[in-house]
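Chemist: Single-letter residue listing:
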Amino acid sequence: MTAGIPLEHGLLIAAGLFVIGLIGVLVRRSLLFQLLSIEIMLNAAGMAFVIAGARWGEADGQVLFIFILVMAAAEVAVGLALLLRLSNRFRDLNGDSMSSMRG
Amino acid sequence: MDGFWCSLPLWLIPALPAAGFVVLALIGGQLPRRWSAVIGAGSVGLSAAVSLCAAACYLSHPPDGGVRIERLWTWIHVGNFDIGFSLALDALSLVMIFVVSFVGFLIHLYSTEYMADDEAFSRFFAYMNLFVALMLMLVLADNLFLLYLGWEGVGLCSYLLIGFWYSDPANGAAARKAFIVTRIGDTAMAIALLLLYKHAGTLDIQEAMAWAADNWAVGSGMAVVVALLLLGGAVGKSAQLPLQVWLPDAMAGPTPVSALIHAATMVTAGVYLIARTHVVFMLAPPAMTVVAVIGAATLLLAGCSALVQTDIKRVLAYSTISQIGYMFLGLGVGAWSAAVFHLMTHAFFKALLFLGAGAVIISLHHEQDISKMGGLRKRLPVVFWTFLIGSASLAALPLVTAGFYSKDLILWCSWSTQYGSPWLWAAGAAGAFLTALYSFRLVFIVFFGDEKGQVEHRPGTRILVPLVVLAVLSLIGGFVETPESLGHVTLFSDLTETTLATTESTITGHPTEHLLQAVVAGITLLGVFLAFFLYIKRPAIPAAISTSPLGSRVCRFWLSGWGFDTLYDRLFVRPFAGLAQLLRGDPFDGISSTLGRAAVAGNSALSRTQDGRIRTYAFGIGLGAVIAIAIVVLT
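Respectively, the protein sequence lines represent chains A and B.
Numbering follows numbering that gives the first Met the number 0, in which position 100 of the first sequence is assigned residue number 99; successive positions increment by one, without gaps.
Numbering follows numbering that gives the first Met the number 0, in which position 345 of the second sequence is assigned residue number 344; successive positions increment by one, without gaps.
Since the hints were made in silico from the structure, they are not lab data.
Cβ atoms here follow ideal geometry from the backbone N, Cα and C, with glycine treated the same way.
Among the hints, a few may not be true.
DEER-style ranges, computed between Cβ atoms [what the hints assert, rightly or not]:
hint, chain 1, residue 1, chain 2, residue 2, range
1, B, D585, A, V18, 52 to 62 Å
2, A, R54, B, I620, 52 to 62 Å
3, B, I620, A, S29, 15 to 25 Å
4, B, D610, A, S29, 11 to 21 Å
5, B, S603, A, I65, 46 to 56 Å
6, B, S603, A, N87, 31 to 41 Å
7, B, S591, A, A80, 48 to 58 Å
8, B, Y616, A, L10, 36 to 46 Å
9, B, S603, A, R88, 44 to 54 Å
10, B, S591, A, N87, 17 to 27 Å
11, B, V631, A, N87, 12 to 22 Å
Which chain A residues stay away from chain B? Per the calculated CB distances, all over 10 Å, these [unchecked claim]:
hint, residue
12, G9
13, L35
14, I39
15, D91
16, G94
Examples of chain A residues lying across from chain B (beta carbon under 10 Å, computed) [stated by the list, open to error]:
hint, residue
17, I19
18, L21
19, R27
20, L31
21, Q33
22, R54
23, E57
24, S98
25, M100
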């Protein structure tokens, strides 16, 4: 890891990525894009781990990133399966229209 | 024959009418009227026959201590609290069962004709039989708990029978009034019983009385309290001041009911209660004074009210209140036997008067207003003669009537015993004048003068026989007890004084007694003559009095029973109704219902946030995270 990049810069990029993902979740109606945005948020978190690991010269951050990667893969598998069922049922992936469980 | 009389158990006496009630209540609706009548009147008739057998047994073989006790079964047994279902026959209850079953039977017989056209014929007899059974239970009870059962039971029957024609709301209101007003007295009585149990540890009448005599000093506070509370019960049941307001309204019931319950038997239960617990009263001289004063005041007030009533049954109702006032006067001066004697003769002549009034009422097609009656003497001769005898007995016409002997005894005792005073005697004598005046006013207005109204049908045998029997009893019933100046027969007091305390007069010497008797007899005759003068000779005079400004005001005041109804209405009924109206919306519920409403409002506000959209939830999570981080960073 080159020593030229300060920790703050890396964390700012990770935070920016996280916010972009969060905004994506909040503003997109399509469930597919919301899923994509969640992946971006996960990667932002992973990036923060890697950067922090590099700061202290430890491998833990990278190990944790691999965990997150595996978890994200599993999540996408379940998420896509759900999406498939939903698109079969509603012929649509607009999350706002699937609000029959409102209080 | 002796063996047979004594072989009949006591429990048959109340059990027979009770059985009649059960049969009529269960299958009375399906029975033909004739059968209902046979069961209704027959069961009471048999009970009267058994009562006579019991009386024959009692008189021929007086039991030890003067009491025949029959313990049927244990009613309640908890620890030391042991209440037996047991009956006791002593001289006092002997007189009472005779009056209740015998007069009751005559009234039942009368009712079979009087009520013949009524739709609810068997229901009427069911209630009447239940009443007789409970009344007999009341007078035969050997403990105060069982007595209280009968006491409340007859109150219930009174309520049911006053409201017998329940389709008219006024009758229902009269029934409720009677029930509620007597309940006030009953509450006092219940407290008296509890106090007695707490101190004496028993409710058995004889044991409790013996305990009281041994442990309470004369005039001790607890004796006075118990006596006054018992008096409260008696005052409610017997319609004395200040709880007399229910009896005139109770006339809403059928006339035989008025005769049986509201003249002959139930209303005299208060007199019976005081006589039964006379030991406590003798330990409480202040309570005795209260009894006597209540009696004297009631007899005067009710006598005045009876003078101006226009409804024939209300005249008799006020007259009943007034006569029970005499009994209370007798009790209050310690003339126990005299009071019970007057109870018996009053039962005869007042039942006779009510039954006679009933005969008049149905022969005029349910007309009760005496101003629309007149000249019935020739149309209804038997009713006239019996009614005249009843009125004479009520007015205590000297020498020939039963009422004279009993009332004379009470008046003499009110002068001569240690509790008596000339004032009480004067009140009684003034009452005698009023009694003579109002009873003969009734006779002269109803049976003399011009004929008014059409006699629709003449009463038949089953109405006339009870009238004649009761008329005979109203004449000869008094000869069992006559004053010293007139033969000095003491059969009745010899009998009752085996149970009740002896009445001792402090004044000896016959001149006073003879003088007082002559004065009262003179007053009575004066009253009769005045009634004759006012209502036969010069009918214009009472009419002029009742239209003069002062006279009409007094008339209205007396007609309404001295304004007690208005007073109680203002004092109790209206404030209570107002309070009920105020609380109708449950203001105190507001506290808890505000909590409920807040919960509902919070629910509807928060449920709006649950709109089912993922984005909103995600926003919520994000916002929460931002706030949490902000708190961590900024603090």
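Chemist: All the hints need checking, so say for each whether the structure fits it.
Modeler: We went through each hint and held it up to the structure:
no.	hint	result
1	B:D585 - A:V18: 52 to 62 Å	56 Å, holds
2	A:R54 - B:I620: 52 to 62 Å	28 Å, violated
3	B:I620 - A:S29: 15 to 25 Å	19 Å, holds
4	B:D610 - A:S29: 11 to 21 Å	18 Å, holds
5	B:S603 - A:I65: 46 to 56 Å	48 Å, holds
6	B:S603 - A:N87: 31 to 41 Å	35 Å, holds
7	B:S591 - A:A80: 48 to 58 Å	51 Å, holds
8	B:Y616 - A:L10: 36 to 46 Å	27 Å, violated
9	B:S603 - A:R88: 44 to 54 Å	30 Å, violated
10	B:S591 - A:N87: 17 to 27 Å	51 Å, violated
11	B:V631 - A:N87: 12 to 22 Å	44 Å, violated
12	G9	19 Å, holds
13	L35	14 Å, holds
14	I39	14 Å, holds
15	D91	14 Å, holds
16	G94	5 Å, violated
17	I19	13 Å, violated
18	L21	6 Å, holds
19	R27	8 Å, holds
20	L31	13 Å, violated
21	Q33	7 Å, holds
22	R54	20 Å, violated
23	E57	24 Å, violated
24	S98	3 Å, holds
25	M100	5 Å, holds
Violation of the numbered hints given earlier is confined to hints 2, 8, 9, 10, 11, 16, 17, 20, 22 and 23; the remaining hints are satisfied by the structure.
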